[in-house]
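Make a model of the complete structure from these sequences and hints.
Listed here are the chains, written in short residue letters.
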Amino acid sequence: MLEQALNFLKILDPSLENDYSNRKLRFKGERFEIFLAKPWDLPLYVEERVADLGIVGRDIIIEQERKVVSLIKLPFGYCKMVLAGFPDDKNLEEVKIASKYVNITSKYLTNRWNKIKIIKLNGSVELGPILNISDYIVDLVETGRTLKENGLVVKEILFESSACLIANISSYVWKRKEILDILKEVEKTYENN
Amino acid sequence: MKSIYIENTIRKELELWGYLEIRIPIVSENLWGNENLLFFEKNGKLLSLRPEMTSEILRNIKKENFPIRLFYMGPIFRLNGYSIEEKFQIGWELIYLPSLWRDLEILLTIRNIFAKIGIENYIIEINNTNIWNFLRKYIKEEELKNLKSLLLIKDYVSLMEYVEKLPISVNVLDDIRKLLFFEDNYSFYDDDLNEEVKSIKSFKRELVNLGYSPESILINPVFIRPFEYYDGLIFEVYLEDIKQALGGGGSYVATNKNGEKIFGTGFAFVEEDLLKNINNNNQKINKKYYICSEKDFYKIQKLIEEERKRGNIAIFIPKEMEGLDLKELEKDGEVILIENL
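Taken in sequence, the protein lines are chains H and S. For the first sequence, our numbering begins at 1 and goes up steadily by one. For the second sequence, our numbering begins at 194 and goes up steadily by one.
Since the hints were derived computationally from the structure, they do not count as laboratory data. Hints may contain errors.
Derived lysine-lysine pairs resembling DSS-like cross-links, with alpha carbons at most 27 Å apart [stated by the list, open to error]: (1) H/K38 with S/K347; (2) S/K492 with S/K512; (3) H/K100 with S/K492; (4) S/K338 with H/K107.
Here's what the structure looks like:
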C-alpha cells in the first residue's frame, strides 16, 4: 500500500520526490511533509499529533479505536475482513477464533455464539484451524488464495477495508479549511479516475 | 505557570460574575459508566470515585426560579486500562431555563478567564444536539442511535457506509454528506435542517457581536458529546498546541433526585491539560523575583510591597542562597537583581 499511498500523495503534491527506494523515513514536498510509519504505529502518530493526517488501512483503525477522525476511504488497499474456517461447520459449545484482530473479532462476533474464545495470533492465522488451535479465523483477505490453499473458506465478510485518510482531532479543528480542500481534491481525483 | 495561579484567577473571575464555589464528595453511590472506579466498602455496598462532577451536582440540586451559578474544582478518577488516572477538573454551571443569554454567559466567562490566564489562541467548536433530529422523519430511532454512536467516535467512513445502506433518498444522503464536511455557505435539502443550521449560525453571530473573533468559533455539525444529558448547544475548546480538546460543555436537561427537571449550561476542563499547554508556550505570569543581599531585606520591602499592591507576585530571594540559579528563576518569572543599596 505504501507505493500506492505515495503515488496518491504525489497527485496532491507534485513536488514530492519520485524515488522512495532510498529508505528515507521523512521527506518534504512543497505542500506536505511525509513520515513513513509502520501501519500499526500510524494511528498513534496521528492521535498524538505528530502528523496532522495519516493514510492507513481501515482494519487497523477499527481494531485500535484510537481518538482520530476517520475522514474518507481512498481508492486503494482494497481487502475484506472475513470470518473463515473449514467448509463443514460443527455444533460447538465454545467457539475458538484465532486472529490478529482481537477487538474486531470481539466487536463483530461476540453475540454470534453462546461462548467464544479469542486466540491472539500475530501472523499466519490460517494455521489456527489447521493445527486445531481454533475453529475459525478472522483475518484480512485480499484474493482469498492463502485461504484456498489451506483448505479454508470464507464464512462471512465482516466489512470491506481500504486505505483511509485520518486526521488528528485538533488538527481537524485548526486546519479545517486546508483539510477540507484536500478532501475536495481527492474527490475530484476519484471522479477523474 | 502554577495550578494555584490558574485556580485563583478562575475563582476571582467567576466570583465577579456571581458564581459560588461548591465542594462535591469524591465518593459516590452513583455508578456512572464503564471507565469509572468502583469498589466495595466493608459492608458490601458498591461505591465509585467520581469520574466527573456535573451529574453529581445535577442529582443533588434543588429546582429554583432564580439562576443558580456554581463552580467547582477537584480531582476526578478514571480507569485507564489497569491504571488509575487522577486528574484535576475545574468547571462551572449556570442552572436556569433554556435561554440564549444563559449559553452566551458561559462562553463569555470562558473568554474572560482565558484572557486573564493569557491564552490568546483557541478555537471553540460549537454545535446543537438537535441538528440530527431532522433524520427522525426518514430513519428509525435505533438507526439514529447507531449513527450518533459513529459520530461520537468520529468514524465518518463507517458512518457513510452505514447511511448508504439505509432506505433514504439521494437528497437526504447528500445532506448527511454536507453535514460531515460542513462549510458555512452550505444549504440543505431538508427545511428543518436548514432551520437548525441557521440557528447555530445566529448563535455564532451573537458571540461575534459580544467580542469573539469569527475565526475563534467553528461550527461543526458532526461534533457530539458523550453525555446523554446534553440538549441544545454543545461546545469544545481547542488550544493551538494541544492534541485533543481541552474541555467542553453545553446546555443540558437532567432530573434531580426529587424527580424535578433541571436545566443549565456548563463547562469543564482538566487543569493538567491547560497547564501543559501554557507551560509549553512558556508564558509568564506577573511574577518578579527580587534578589539582593540579606542585609538589604528591609530596604527593598517598600519596592516589593508596591509590586504586590499592583496585583503582581513579588518574591524575595537572598543573594547569598547556596546554589542560586538565575537562569532557572528566569523560566518562571522576571528576575530583578539589586546590588549596592
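Quiz item: Does H/K38 pair with S/K347 here, judged by a C-alpha cut-off of 27 Å?
Solution: holds, 23 Å
Quiz item: When you check the alpha-carbon spacing of H/K100 and S/K492, does it fall within 27 Å?
Solution: violated, 73 Å
Exercise. Measure nothing beyond the straight line between the CA atoms of S/K492 and S/K512; if it is 27 Å or shorter, mark the hint as holding.
Key: Between S/K492 and S/K512 the Cα gap is close to 14 Å, so the pair holds against 27 Å.
Quiz item: Is the straight-line distance between the alpha-carbon of S/K338 and that of H/K107 27 Å or less?
Solution: Between S/K338 and H/K107 the Cα gap is close to 17 Å, so the pair holds against 27 Å.
In the structure shown, a violation is registered for the earlier hint numbered 3 alone.
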